[in-house]
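Please build the complex by placing chains R and F on the supplied structure of chain E, with the hints as guidance.
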Amino acid sequence: MSCAAGAKRVLGAASVFLLSGCAQWPAQGLFAAAGPAAELQREQFLIVTVLVALVILPLFIGLPWVLWRYRLRGGRGPFRPDWDFSWIMEILIWGIPVIIVAVLGVTLWHSANKADPYRPIATAGPPPIEVQAVALDWKWLFIYPKQGVASVGQLVVPAGREVALSITADGPMASIIVPRLGGQIYAMAGMTTQLHLLTDHEGDYRGMNTQYTGTGFDQQHFTYSAVSPVQFSTWLAHARGAPALDAARYDALVKPSKPDQPMQFSSPASQLFQRIIAKYHVPGDTLGALPPPSAVSANKATEAH
Amino acid sequence: MDWTYWLFGTLQWSDFPPKKDLIATFAASLVILAPIAVAVILTVTKRWTWIWKEWLTSLDHKKIGVMYCVLAAAMLVRALIEAGLMRTQQAMANVGSPVIGADHFGELFSTHGTIMIFFVVMPFISGLINFVMPLQIGARDLTFPFLNAASLWLTAAGAMLVNASLVVGKFSTGGWSGYPPFTELAFSPGEGVNYWIWALTLTGIGTTLTGINFAVTLYKERAPGMHLMRMPLFCWTALSTSILMIFALPPLTVATAMLALDRYAGFHFFTNGAGGNMMLYANLFWLFGHPEVYILILPAFGVWSEVISTFSGKKLYGYTSLVVATISIAVLSFTVWLHHFFTMGQSANVNAVFGIATMLIGIPTGVKVYDWLLTMYRGRIRFTPPLLFSITFLFCFVVGGLTGVLLANAPVDFAVHNSLFLVAHFHNMLIPGTLFAMIAGYMYWFPKVFGFRLDERWGTISWFLWSAGFLLAFMPLYALGLMGAMRRTSMFTDPHYTPYLMIALGGAGMILCGLAALGVQLFVSIRRREQMRVPVGDPWDGHSLEWWSSAPPPEWNFARIPQVDGTEAFTAMKRNGQPYVAQPENYEDICLPANTGIPVMIGVAGGLCAFALTWYIWWLAVVMLVAMWALVVWRSWQGEPMKEFPAELVRKHTEEWLEKARAAKPVDRFAESEPVNLGLADPIR
Amino acid sequence: MSTEKKLHPGINIAQTDPKAHLEAEPVMFGFWVFLMSDLVLFTLLLATYGAMSVHGMAGGPTPKQITDLTSAGIETALLLASSFTFALASIALKYDDNQRALKRWLIVTALLGAAFIGMEIKDFITLAGKGQIPQVSGFLSAHYALLGTHMLHVASAIVWMAMIWPQMKVPRLKDLVRLRIMRLALFWHMLDVVWVAIVTFVFLFGAST
Chain E
1 MSCAAGAKRV LGAASVFLLS GCAQWPAQGL FAAAGPAAEL QREQFLIVTV LVALVILPLF
61 IGLPWVLWRY RLRGGRGPFR PDWDFSWIME ILIWGIPVII VAVLGVTLWH SANKADPYRP
121 IATAGPPPIE VQAVALDWKW LFIYPKQGVA SVGQLVVPAG REVALSITAD GPMASIIVPR
181 LGGQIYAMAG MTTQLHLLTD HEGDYRGMNT QYTGTGFDQQ HFTYSAVSPV QFSTWLAHAR
241 GAPALDAARY DALVKPSKPD QPMQFSSPAS QLFQRIIAKY HVPGDTLGAL PPPSAVSANK
301 ATEAH
Chain R
1 MDWTYWLFGT LQWSDFPPKK DLIATFAASL VILAPIAVAV ILTVTKRWTW IWKEWLTSLD
61 HKKIGVMYCV LAAAMLVRAL IEAGLMRTQQ AMANVGSPVI GADHFGELFS THGTIMIFFV
121 VMPFISGLIN FVMPLQIGAR DLTFPFLNAA SLWLTAAGAM LVNASLVVGK FSTGGWSGYP
181 PFTELAFSPG EGVNYWIWAL TLTGIGTTLT GINFAVTLYK ERAPGMHLMR MPLFCWTALS
241 TSILMIFALP PLTVATAMLA LDRYAGFHFF TNGAGGNMML YANLFWLFGH PEVYILILPA
301 FGVWSEVIST FSGKKLYGYT SLVVATISIA VLSFTVWLHH FFTMGQSANV NAVFGIATML
361 IGIPTGVKVY DWLLTMYRGR IRFTPPLLFS ITFLFCFVVG GLTGVLLANA PVDFAVHNSL
421 FLVAHFHNML IPGTLFAMIA GYMYWFPKVF GFRLDERWGT ISWFLWSAGF LLAFMPLYAL
481 GLMGAMRRTS MFTDPHYTPY LMIALGGAGM ILCGLAALGV QLFVSIRRRE QMRVPVGDPW
541 DGHSLEWWSS APPPEWNFAR IPQVDGTEAF TAMKRNGQPY VAQPENYEDI CLPANTGIPV
601 MIGVAGGLCA FALTWYIWWL AVVMLVAMWA LVVWRSWQGE PMKEFPAELV RKHTEEWLEK
661 ARAAKPVDRF AESEPVNLGL ADPIR
Chain F
1 MSTEKKLHPG INIAQTDPKA HLEAEPVMFG FWVFLMSDLV LFTLLLATYG AMSVHGMAGG
61 PTPKQITDLT SAGIETALLL ASSFTFALAS IALKYDDNQR ALKRWLIVTA LLGAAFIGME
121 IKDFITLAGK GQIPQVSGFL SAHYALLGTH MLHVASAIVW MAMIWPQMKV PRLKDLVRLR
181 IMRLALFWHM LDVVWVAIVT FVFLFGAST
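Those sequence lines, one after another, are chains E, R and F. Read in order, the letters of the first sequence correspond to residues 1 to 305 in UniProt numbering. Read in order, the letters of the second sequence correspond to residues 1 to 685 in UniProt numbering. Read in order, the letters of the third sequence correspond to residues 1 to 209 in UniProt numbering.
No wet-lab data here; the hints were simulated from the structure. C-beta: ideal position from N, C-alpha, C; glycine also. Don't take every hint at face value.
Which bits of chain F does chain R cover? Going by a derived footprint, with three or more residues having C-beta under 8 Å, they are [stated by the list, open to error]: (1) 29 to 35; (2) 42 to 52; (3) 71 to 81; (4) 112 to 121.
Chain E on its own, in the form it takes in the complex (with noise of 0.2 Å):
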């Protein structure tokens, strides 16, 4: 058994590797929570492992008992072969599932509502940052439309400050993710959905795309960069020293392309956001070019809340 052997072998290799690579599991995604929308997710995974636990526990305990006491050879257990029925065990099967997904209901009902992605999480302290994020093949473009900038593959925040997201997509549908923080929402050309995030924590989190939208969808990461309001300000200043966003250049973002560094822009053109959602608001056959600013105010954007 040729593969048998190879397989061992990769296992051993994969053996040496696991100690070190353990070590780092919890450093990364849900389980490394930075954020309080990521500490609810985790919290609600705990609490449903646990009480799903209660009923599976039982299975994982009798089941090698009855193996054992009921084996052909040598079990001791009486044999009752015409035994097929108990009330007491029919309560317990079907009442103990029944009081748990009663509860895990009452539970989810709570925290979907904590949780969703349109609510704004913080109740006190400044108003959340505004910023627009489309999805293009394959990165991020994000847009700050109060602070008259735009980046490519970055989300720079300060730390603290909570960050609203206004997200839609020129192109497939894809879906964003920062695994620490929170997400995933789905981003779709036409329409707009809503996503809050917020850390207290200065630091780079990773962002994604999750959803496959070709070959360089693997690519289609950002960086969320929680920084202190001084370097915040030094990056505004930076990327409004940057080349503006106009027309011709956002043509130029949206064709299919895998950038390896964050790029920043100045003054993105006026209303773009809004013109990328209208530009799939018309009859058909005639999609392509943004239409004018003027247009956007008459086709009322569809909202998928």
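Just chains R and F, lined up with the frame of chain E:
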């Protein structure tokens, strides 16, 4: 637009092998060489007439069942190799040496998913139900044998279309669910998505018709006294599955037809813009897709019920409970489709409602698991390979259930949707749940189908490899998903993933070895078949009517249709009556549908029509579509030709079988796997 | 089970031929099941239409702008009349052995069906003439797909009738042909029911919004 377009559509020389990369070229040559090899073997052994007369043209539900399983097995080999290739790619790419390109990877996850769902599990289910169900309810055939054969050949045509994509052109990269707008013309030009659409259309039509056939058979062809509440549980699950097929396949047909209209005629159902909306597709697709997963799992539950009860030597615990649970699952399966897209932006309350509905399914499913445990309780458990598989199933399935409830929780789903956690979850349900049930069912009913048992040693080896391989291949994916590793990624670049990816690769290797062990088991068993024969037909001390016939059963199944007085009809017969003596004095002539080649031809025409549509070869598409209907009309002129089995033949066969039963020594359960087991059971007392 | 219990829904031929009737039972039941599956298809097309007629206009024509109630009224009359004549054909199938009445009513039914299709094609041509083709918007795509699928069903029912026609003369196929006509009748009436839904949701709602 020159004459080559009119003749060959968009087909060009460059669509034919050799392919860009070596692996693809190798795969293409396999698809070409395998049929050639089969043809050569048939010619050398002079078996063309045999295969045509005995198999391809047969309307016998048992032979159609076997052909379904052969199709599923062949496609399983392909899809497993693809899985191994994907695991290799992800593991190797993460350490800097990718094996294949990103576009090839896209094709692989699309074909792997499409094949596993539509051309492995679905045919396997159809095959098992086809073979077993009429025998269990005491019928001589399905209600519509011709339709049954046509469904088989349409499904086979779909499978061949997916295989053709290995040789000619490319397959879709849109995954098994084919989400637009990525699969629209704007982002996926070319033939790939067309292949996917037409393969699904063929098998979708075949499956809908199969569902109707099974349901009508179960309602109308049961033996006298076989009330619904006396049917073996496998029949109940078959009934639930066929009802799901009848209602759940039309949404798939509608969704793929609309996608086809978008692509071929410029409609705007799911396009970006002009009023098209992919959210509509998501709803339509999962309106099919969620019941579909229960189409896949319910018959598996039926198999587990039979296997666990038989190899525990005991009556099934909680029959009524299991029936109620089965039906609850079937009904609830239509109410949860939205949990496949919690992340689409609908309100939190909508998500919560569908999440709770999803968790409700956990209740009857949990009940089933404990019903099986209680079936073993107070029994006498024999650790045969099918039972071993059922143990792995029970342990793993509840873990899958746990992660399922996690995914039903919208906040948790936000974090792990589209991740490898999700991939691990559904493989956790479908491999130990469905695929292991198919393997267990294959080992359990094989002696009935071919008349000899399968080697148990290799079966056990295979069980070990499959079980360990599954755990190694998929448990790391849960961890990876929680670390933020996403599905369908051709290349990770995170060194922390390496150990997990390597273990998963090892697991995939073990699974492939498990598959090889199944092959060895079959080979060894065929070679030693004389010592494994069970002509009397009841090798496991079975409970239901399929065991009350010779192995293999005669084409007419039963010389007389039995009268049924309770559940577990054969057990009752063995206890109260004498199953191997009381036969009618006056045998009757038995009429069964005569063989016909029309269903095969319908399948061929359907496959060619689909191929022509894929490549825009309009003249061929029209000719083949007309040909399909012409064949149906031709059949309608034939009436329903029957072949007759004279009473004398029936008497001779039956008496030979009874003679063997009288001559055989009853074997107890300790000697079940020894040559002395001729299929006459001596129950444990 | 007695013959009485096995009566299938719809017109029965039990009095004249109990054995054929017994064999008819699963066949008719199977066809009812098929019709359910087919109805799911129409339900989904109607649901799609429902969504598209609210969200899928994309600035193109609205349901009101493409609704022609006169035409829809004539089409409805034609199709309802054809269902009535098919019912007469079914009665003839049961009581008239020489098939003359049956054939007469089947021809009338087919002609009414063909007229219905003709009217619908005329509607499509009128729409297309105004540039209102399915490629314009999701709403028009859904409109054409729904009506087109129904029309295709009616057309295939007429083809089916034409295929049965020569078989009616063949004594060997007598029982089978009877069953086929009975199933065709179910199919035809189902298409009528679907049309009633279409008239309500597409034309009446369309004209009133």
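A quick look at each hint next to the structure:
no., hint, result
1, 29 to 35, "holds (count 4)"
2, 42 to 52, "holds (count 5)"
3, 71 to 81, "violated (count 0)"
4, 112 to 121, "violated (count 0)"
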